[in-house]
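Colleague: All residue numbers for the sequence shown refer to the numbering used here, where the first residue is 7 and numbers rise by one.
There could be a bad hint or two in this list.
[Stated by the list, open to error] Dumping the calculated DSS-like pairs for lysine-lysine here, alpha-carbon to alpha-carbon at most 27 Å:
1) K39 - K228
2) K228 - K321
3) K124 - K321
4) K39 - K305
5) K305 - K278
6) K321 - K278
7) K321 - K305
8) K228 - K278
9) K39 - K321
None of these hints come from the bench; they were simulated from the model.
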Amino acid sequence: MVYDNSSIRVDALSLDEVRADPVLQAALANAGKGHVQRDPDWLANIALNALEPGEEAVFMTARGAADDPAILPLKLNRAGGRAEALGNFYTSDWAPVLPRQNGAVLLHALCAALAANKDVAELRLAPLREDSAALPLLQDALEDTGWLARHEYLCFGNWSHNTDGADFNDYLAQRPSQLRNTLRRRTRQFREAGGTLQLVTGAAELAEALASFTEVYQASWKRPEPYPDFIPGLAAVAATRGWLRLGVARRDGRAVAAQMWLVANATAYIFKLAYREDAAAYSPGTVLTGFMLQEAIDKDRVAVIDYLSGDDAYKRDWMSTRREYRGIAAYNGRRLAGRGRALVHQLKTGVKRLRSLR
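Could you put the whole structure together from the sequences, leaning on the hints where they help?
Modeller: Listed below in structure tokens is the structure:
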């Protein structure tokens with residue numbers, strides 16, 4: 007226990023402690039219905055396979071006598087004096103778990119407990135949807151509990167599309183003509199050249215498909231994975247949960263494009279994609295995307311397609327709606343290091359404003 011005001015109890019719990027508590031697991035599972043990256047299995051994979059040395063996963067929980075719990079899934083770097091949202095560059099959505107009743111009160115208690123933690127000088131929570139009800143609640147709670155230099159910042163743009171019940175042909179008819187023509191032409195050429203498209207959704211073919219995914223990724227333009235156990239861990243969990251959609255395009259006996267999607271909550275989350283650079287001339291990534299979209303729309307009957315993070319130009323051709331994700335940062339006014347960091351932030355902000363006036 008780290009905080010107790012007689013009516014609200016706050017605890018800092020490990021992943022194992024959270025897993026052993028059915029109430030907390032149920033709260034996280036319910037949060038996962040809003041986005042797959044809030045699900046306890048996603049968070050567990052981050053905690054187990056995607057933290058830096060010196061970081062530890064901490065689940066801050068607050069409970070009143072008759073309340074459902076509030077939860078902040080965090081990672082704590084004691085040496086660096088930082089508490090951050092439990093995630094990294096894989097993370098496209100994060101949010102505190104708040105109950106319908108007394109969520110603001112419990113969030114206040116969590117922020118107060120973090121302010122009392124001698125190891126926390128700086129707090130960064132991201133990425134939250136720009137329309138998240140948690141953003142103003144966090145701002146208020148941080149202000150009331152002595153956090154300094156509170157500010158929001160842009161994380162990234164997010165492109166998505168609501169299918170509105172349309173089938174794939176109707177969806178495609180709404181896309182730009184250049185994309186439609188390219189997809190049809192390249193798909194026909196791919197098929198005529200003997201190319202094959204595979205979609206793996208379960209454990210039976212996972213090992214081979216994952217090996218192909220890794221092969222393509224290593225031959226692509228993307229930097230090597232810094233957490234080699236994260237993708238295999240996610241794929242295994244996703245196969246068990248029924249989320250997995252791992253697509254592989256093959257031509258001339260080799261994998262030339264691969265994509266990992268997650269389907270949950272009536273949403274297709276387009277998570278990872280890559281193609282071999284030496285195969286770019288015949289657009290295997292475009293062909294595979296079209297194939298997987300048709301599967302998601304016509305077979306999975308998803309209501310939403312979500313391209314997750316990034317404002318890449320090609321996404322606006324496939325999608326129709328853009329939103330932004332925001333972060334919130336603050337510095338602990340009860341710690342000397344926190345006050346120092348707040349001052350540095352304010353000075354930097356002031357300098358930027360002066361430069362903008364020139």
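Colleague: Indicate, hint by hint, whether the structure satisfies it.
Modeller: Checked hints:
For the proposed pair K39 and K228, the alpha carbon gap of about 31 Å is over 27 Å, so the pair is violated. Restraint check for K228 and K321: the C-alpha separation of about 18 Å stays at or below 27 Å, so the hint holds. Only pairs whose Cα atoms come within 27 Å are accepted, and K124 paired with K321 is rejected, the gap being roughly 44 Å. The hinted pair formed by K39 and K305 meets the criterion: a straight-line CA distance of about 20 Å does not exceed 27 Å.
Straight-line distance between C-alpha atoms of K305 and K278 comes to about 21 Å, which keeps the hinted pair within the 27 Å bound. Simply put, K321 and K278 have alpha-carbon atoms about 13 Å apart, close enough for the 27 Å limit, and the pair holds. For the suggested pair K321 and K305, the alpha carbons sit about 22 Å apart, so the restraint of at most 27 Å is met. Between K228 and K278 the CA atoms are separated by roughly 11 Å; this keeps the pair inside 27 Å, and the hint holds.
With a CA separation close to 24 Å, the supplied pair K39 and K321 stays within the 27 Å bound.
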